[in-house]
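Undergrad: Protein sequence lines correspond, in order, to chains A and B. Residue 254 in numbering that gives the first Met the number 0 sits at position 255 of the first sequence, and the numbers go up by one each step. Residue 175 in numbering that gives the first Met the number 0 sits at position 176 of the second sequence, and the numbers go up by one each step.
The set of hints was computed from the structure by calculation and includes no laboratory data. Please note: incorrect hints may appear among the correct ones.
[Unchecked claim] Rough simulated footprint, nothing fancy, chain A against chain B, three-plus residues with beta-carbon under 8 Å: (1) 37-48; (2) 58-64; (3) 85-93; (4) 140-154; (5) 284-297.
For glycine and all other residues, C-beta sits at the position ideal for the given N, C-alpha and C.
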Amino acid sequence: MTDVLVCLKRVPDSSSEVVLTPDAQAVDGRFSGWTVSPHENCAVELAIRIAQDTGGSATVLTLGPEDAVDQLRGALALGCTGAVHIVAESAAYGPADVAREIAAVVASHEDEGRSYDLVLLGNDASDSGDFQVGVRLSYLLERPVVGGVNLVTVEGSEVTAVGEGADGRETYQVPLPAVVAVMEGGVDPRYPTVSGRMKAKKIEIETRSPVAEPSGAVRQRLTLPPPAPSSVQVLGEGVEAVPALREVLVNLGVVK
Amino acid sequence: MIVVLVETENDSVAEVSLETLTFARGLGDAGGGIPVDAVVCGALPDSVVSELASAGVRTVYHAGGPDFEAYGGGAWASAVQDAREQAGAVVVTAAGTNRGNEVLAHLAARWDVPMAANVLSFAGLSPFTVTRQVMGGAALEEMTLSKRPAVFSVAGHAVQASPAGAQGDASVVELSPSLSERDRVARVASASGADTGDADGLKDAKVVVGAGRGAGGPGGFSGVDDLASALGGKVGVSRVVTSLGWRPHHEQVGQTGTRISPDVYVACGISGAIQHWAGCASSKVIIAVNTDPEAPMVTKADYAVIGDMHEVIPALMESLR
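Given only the sequences and the hints, what does the whole structure look like? Please build it.
TA: Rendered as structure tokens:
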């Protein structure tokens, strides 16, 4: 029976144009909408699978403003059975702050007799791309950590994590309790069912306040890269452009 | 002193590490001639030492033996930590790979200092300010790393790798870092190249033929496969293609897939969303085939054919025969 805590972050949807807040401190999600990083969608899927396979539980956690509850409800609709919301303006929280707040929840729940065997996180958030929260959390919890994996299974007191690394398909076998940072690619996240959505609405979400003031990131400002001037050479339309296309490929040396 | 964690591939220094060494040399030069040292974990063939010497490294710190034969983030971090102490380094850096970022995250946690991932450039030394990619490169972040050591990784292709001006020899210093039990267990237990799909081939391919939603379905890739084969390249796809289950994830090009830098990228039926652009922006020449002349992939490309990939590719294949 494996109890999993899976952590996710509300991030701006980056599939459309990126707009910055007036103080250039954040991406303005009011224009893009909000979502969850692909890595974290896979972490949620793995958490649910592990909980179901072992008869355990999958609790989802986020640190974010009031309306980040939408992302928690989304994970509950998929099959997570509990949720914790640390209500805070996440833009003020750097990776070390976030790791500290997650560690505080783990410790607090452990004091209440609710310990987590495994903490899953996304390898890196799609907005900040810090690559640090999982590792920093592992030091605070004094647990082993592996990252960059996309398949995670638990058997007995050991977690097996597999990913594509520099040496091919790499396998880690680590004793529980542990921290694992997940990448997209190993599993297909499920879609919520109607009954799942209905059930999610009824689950009580534990709300908490941060345990400490954030020390913040060391961000000075965000900027947008200048748009590169378009220098596209249109070779033509449809099949009539094929001779010109072939000539380009010849000139580039990929066709003889 | 600047210490660089160096990754190796097939008895050579990985290209991303050569880029990082080039970046570090630039930083050292701007600082008035700060030397650059390297750390290598695992095997250290003579060929790597020679390459590092050519890259301007004078001291190679090496952690070998059973604890370093297989990758482990904590163990590698302990090696860099030892090297940093011996060298008295004020800057510790690595390539912005999963390994590089993970090892640096261990160090940042141990030293309680900030870490900047995927840095593109430095804007100043006092205070030490760097610019890095966020949102997959759709935005840039300026960060000031005032604590020492400054810890940051260098984004792939942030600089072009180049040899140092002066040639010399590099000496090797063996490290014996002490490891915690957590560091020992969190390491690769086994590795196999048999099931990796074609991910590595895609990353290193000189030609990539990409396809997106315009393929129309899992059956819409035969022309793409044929063209990739004819051009001696690999197939890369957009995220929507893998999300729909049309092609496997190891072919995905983008922010959460493989980042490619081919000589030629032929992007067929791909709109060019930010996430995809993050993975292909380093291509030297981009050729877009798309029905929409306003698609970002078209406007950002070097060459474009406005048309249906299902018509253009077969006609091109016919002309290549």
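Undergrad: Checking each numbered hint in turn, tell me which of them this model violates, lowest number first.
TA: 1, 2, 3
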